[in-house]
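**Q** Residue numbers (numbering that gives the first Met the number 0), protein chains in the order written: chain A, 0 to 499; chain B, 0 to 177.
Just so you know, not all the hints are guaranteed correct.
Stated by the list, open to error - Looking from chain B toward chain A, a few residues come up when the C-beta cut is under 10 Å (computed): (1) Asp124; (2) Val141; (3) Glu143; (4) Ala155; (5) Leu157; (6) Cys160; (7) Tyr167.
By construction, these hints were calculated from the structure, which means they are not laboratory data. Glycine residues also receive a C-beta, built at the ideal position from the N, C-alpha and C atoms.
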Amino acid sequence: MVLKPHLDDFKIIGYYLGKITIGIGLFMLIPIICALGFREVSPTFDFFIGIGVSFLCGFILTRICFTDKDLNWMQGMIVVSLSWLVATAIGAIPLYLSGHFKSYLDACFDAMSGFATTGLTLAQDIDHFSYAHNLWRHLIMFIGGQGIVIVALSLFVKGFSGAFKMYVGEARDERVLPNVIHTSRFIWLVSIIFLVLGTLALGITGLLNGMKAQNAFFHGACIFMAAFDTGGFAPQSQNILYYHNMTFETITIVIMILGAINFKLHYHLWTGNFKELFRNIEMRTFFVTIVITFIITAIGLHKLGIYQPAIVLFRKGFYQLISGHTGTGFQTIYAKQFIGGWNELSLTGVIFAMALGGAVCSTTGAIKMLRIGIIMKAVKEDIRRIMLPEKAIVVQRFHHVKNIFLEDKQVRAALLISLCYLLLYAAGALVGMFFGYPFVDSLFESTSAAANVGLSCGITDTAMPVFLKFTYIIQMWAGRLEFMSIFTLLGFLIAAIKGK
Amino acid sequence: MKQLKNYELRIMNCRKNKIIFIFPFVFFIWSLICFSETISSTELINSAKQYDGEEIDYKGEVIGDVMVRGRFAWINVNDGKNAIGIWLPQPLVKEISYTGSYKAKGDIVEVKGKFNRACIEHGGDLDIHAVSLQIVQKGENVDEVISPRKIKVAIAFLIICLTLTVIYFIKLGYGNRS
Numbered sequence: 000m001v002l003k004p005h006l007d008d009f010k011i012i013g014y015y016l017g018k019i020t021i022g023i024g025l026f027m028l029i030p031i032i033c034a035l036g037f038r039e040v041s042p043t044f045d046f047f048i049g050i051g052v053s054f055l056c057g058f059i060l061t062r063i064c065f066t067d068k069d070l071n072w073m074q075g076m077i078v079v080s081l082s083w084l085v086a087t088a089i090g091a092i093p094l095y096l097s098g099h100f101k102s103y104l105d106a107c108f109d110a111m112s113g114f115a116t117t118g119l120t121l122a123q124d125i126d127h128f129s130y131a132h133n134l135w136r137h138l139i140m141f142i143g144g145q146g147i148v149i150v151a152l153s154l155f156v157k158g159f160s161g162a163f164k165m166y167v168g169e170a171r172d173e174r175v176l177p178n179v180i181h182t183s184r185f186i187w188l189v190s191i192i193f194l195v196l197g198t199l200a201l202g203i204t205g206l207l208n209g210m211k212a213q214n215a216f217f218h219g220a221c222i223f224m225a226a227f228d229t230g231g232f233a234p235q236s237q238n239i240l241y242y243h244n245m246t247f248e249t250i251t252i253v254i255m256i257l258g259a260i261n262f263k264l265h266y267h268l269w270t271g272n273f274k275e276l277f278r279n280i281e282m283r284t285f286f287v288t289i290v291i292t293f294i295i296t297a298i299g300l301h302k303l304g305i306y307q308p309a310i311v312l313f314r315k316g317f318y319q320l321i322s323g324h325t326g327t328g329f330q331t332i333y334a335k336q337f338i339g340g341w342n343e344l345s346l347t348g349v350i351f352a353m354a355l356g357g358a359v360c361s362t363t364g365a366i367k368m369l370r371i372g373i374i375m376k377a378v379k380e381d382i383r384r385i386m387l388p389e390k391a392i393v394v395q396r397f398h399h400v401k402n403i404f405l406e407d408k409q410v411r412a413a414l415l416i417s418l419c420y421l422l423l424y425a426a427g428a429l430v431g432m433f434f435g436y437p438f439v440d441s442l443f444e445s446t447s448a449a450a451n452v453g454l455s456c457g458i459t460d461t462a463m464p465v466f467l468k469f470t471y472i473i474q475m476w477a478g479r480l481e482f483m484s485i486f487t488l489l490g491f492l493i494a495a496i497k498g499k
Numbered sequence: 000m001k002q003l004k005n006y007e008l009r010i011m012n013c014r015k016n017k018i019i020f021i022f023p024f025v026f027f028i029w030s031l032i033c034f035s036e037t038i039s040s041t042e043l044i045n046s047a048k049q050y051d052g053e054e055i056d057y058k059g060e061v062i063g064d065v066m067v068r069g070r071f072a073w074i075n076v077n078d079g080k081n082a083i084g085i086w087l088p089q090p091l092v093k094e095i096s097y098t099g100s101y102k103a104k105g106d107i108v109e110v111k112g113k114f115n116r117a118c119i120e121h122g123g124d125l126d127i128h129a130v131s132l133q134i135v136q137k138g139e140n141v142d143e144v145i146s147p148r149k150i151k152v153a154i155a156f157l158i159i160c161l162t163l164t165v166i167y168f169i170k171l172g173y174g175n176r177s
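Assemble the whole structure, with the sequences as input and the hints as a guide.
**A** What follows is the structure, given as structure tokens:
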């Protein structure tokens with residue numbers, strides 16, 4: 000029997016949703032400061048309207064649904080899944096008012112793409128974006144990368160048990176520190192320190208390569224946010240190709256890899272435990288998958304013979320591959336070049352890399368390295384079991400911060416989430432094919448959206464069918480939250496309709 | 000009769016010679032006309048293999064920064080669909096006075112140069128190595144146009160937000176006292 004949700008459930012969900020809505024509005028103060036600094040008047044009004052809508056909705060929700068009760072697991076999950084939709088709707092307001100989007104849906108597409116750290120864009124004429132709107136596009140990736148709910152709550156809440164439920168709901172099932180609020184503050188600390196260092200490195204590189212000082216450091220900050228949060232937006236329409244510089248590309252590769260590393264591992268590196276870097280199952284799996292997928296891509300590109308000599312092949316091939324593997328989506332080639340210039344073998348290498356993703360508890364999407372590592376260990380265990388005598392006891396261990404014995408429930412969880420991702424990739428590809436796009440193109444774009452990567456082969460365009468835009472929005476949302484909170488929301492809706 | 004036939008044959012031969020002479024001339028003029036036509040970025044990207052290594056003309060707005068690198072410089076030129084990187088001798092960029100941004104419309108330039116599908120010199124970038132640059136239209140600063148409705152809505156929301164914030168802090172104050 001399905002139980003109908005109680006009124007209290009709606010009130011608690013509404014109350015926390017209201018708080019998060021206000022939190023998102025407060026973040027719009029940053030682009031307002033930027034707009035005032037650069038004397039951009041129209042964008043200032045756009046963000047005032049955005050703040051106004053978020054404050055109004057937030058205050059109404061917190062007043063109507065006022066409660067002092069804490070969240071349970073179900074409510075926490077629902078708050079998370081709804082928060083991402085609300086954040087998308089509110090975050091899209093200033094983007095739409097900028098006049099760079101053909102419809103509000105297109106602005107919502109970009110907002111979801113930003114929050115989910117995907118990087119696919121439907122923005123028009125990016126080269127004439129204001130500084131404030133450009134900053135907002137990159138800031139939402141920074142907020143989404145840390146986790147919208149946790150970011151909003153860690154700023155205003157001293158600590159409550161419900162926070163952990165929302166933390167888990169945002170696909171972060173590992174705590175760096177015992178308290179989840181402390182964990183999210185640590186994540187902020189790491190991110191902000193890297194932000195300063197990354198902005199300086201990219202800014203100085205830009206400056207040395209002929210950019211104006213204000214542009215060099217502004218681009219540096221934006222590109223850092225996009226790289227560290229494995230987002231993939233860039234302040235110019237050419238993405239990273241705009242800079243025409245190898246040093247710039249190398250720095251972004253380092254930042255992308257840092258963004259794809261588990262924050263728990265960051266903590267160990269900060270505390271001086273460098274051995275963990277070489278022992279951790281995620282890092283080992285990451286290294287192996289990078290090598291394998293790059294070999295596939297490189298063979299494909301070598302057969303084509305476009306990029307010669309080998310160093311050119313490495314620069315182009317490895318950049319797109321690492322960008323796809325870390326889930327960033329930076330490109331140093333044009334979207335149409337993937338289909339027009341690359342062959343199916345090289346594209347397959349990139350699709351595999353995108354589908355696998357980075358580490359858990361990082362800012363990447365996709366299946367993730369811990370799950371791949373666990374599945375591989377399970378396969379190894381089963382092969383050993385077949386090879387050894389029946390009475391032999393086969394035990395498999397792996398190292399993830401500490402030594403852990405492999406259990407069936409870990410394998411089951413890893414396989415379940417991996418299966419969900421594979422189905423999501425396939426579903427998006429089918430929708431793409433339904434609208435007449437070729438198989439490889441559809442699979443490429445679908446994997447890119449669902450794995451929150453952002454590499455595009457040209458399907459993502461403002462002229463694409465509305466249903467396909469909705470499909471990609473849902474894929475980005477589901478892929479970022481890793482399904483559980485969305486399944487809970489669906490269950491809640493069914494219970495609300497059919498429950499007794 | 001025979002004389003007439005010979006005469007006709009001579010005329011025909013003469014016509015043939017004229018055609019043989021005129022044809023390459025027309026072809027040359029036609030190719031000149033075609034060559035001077037600019038090629039769009041979409042065509043260059045989609046048919047990169049076809050244009051690889053060719054001398055082409057490309058027209059568009061200079062956007063972003065003019066990045067001087069020693070004796071050469073990079074500019075990015077957007078034709079309304081895509082922006083393509085142009086590598087050109089540094090003295091040529093001195094003519095550029097406006098580059099496209101939020102507050103400016105960049106100079107519209109026409110560049111002539113060699114198109115590279117995957118430039119060996121620049122790490123495989125799709126680019127154009129220009130030998131000449133011509134300013135077709137000067138850029139200008141763009142004044143912001145703000146709709147009065149946007150201002151009214153923003154002010155209305157600002158007043159509502161301030162009121163709600165004041166109410167919130169007053170209630171918070173009462174709550175703390177009680």
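**Q** Each hint needs a verdict: does it hold in this structure or not?
**A** Going through the hints against the structure:
Because the closest C-beta pair between B:Asp124 and chain A is about 6 Å apart, less than 10 Å, the hint holds. Because the beta carbon of B:Val141 sits about 8 Å from the nearest beta carbon in chain A, less than 10 Å, this interface hint is met. Evaluation of the B:Glu143 hint against chain A yields a held restraint, the C-beta minimum of about 5 Å falling below 10 Å. With 10 Å as the threshold, the beta carbon of B:Ala155 comes within range of chain A, its nearest partner Cβ sitting at about 8 Å, so the hint holds.
Interface hint at B:Leu157: satisfied, since its Cβ lies 6 Å from the closest Cβ of chain A, which is below the 10 Å cut-off. For B:Cys160, the interface hint holds, the least distance from its beta-carbon to any beta-carbon of chain A being 5 Å, beneath 10 Å. Annotation: B:Tyr167 was flagged as interfacial toward chain A, and the flag holds, the nearest CB pair being 7 Å apart, inside 10 Å.
No hint from the list above goes unmet by this structure.
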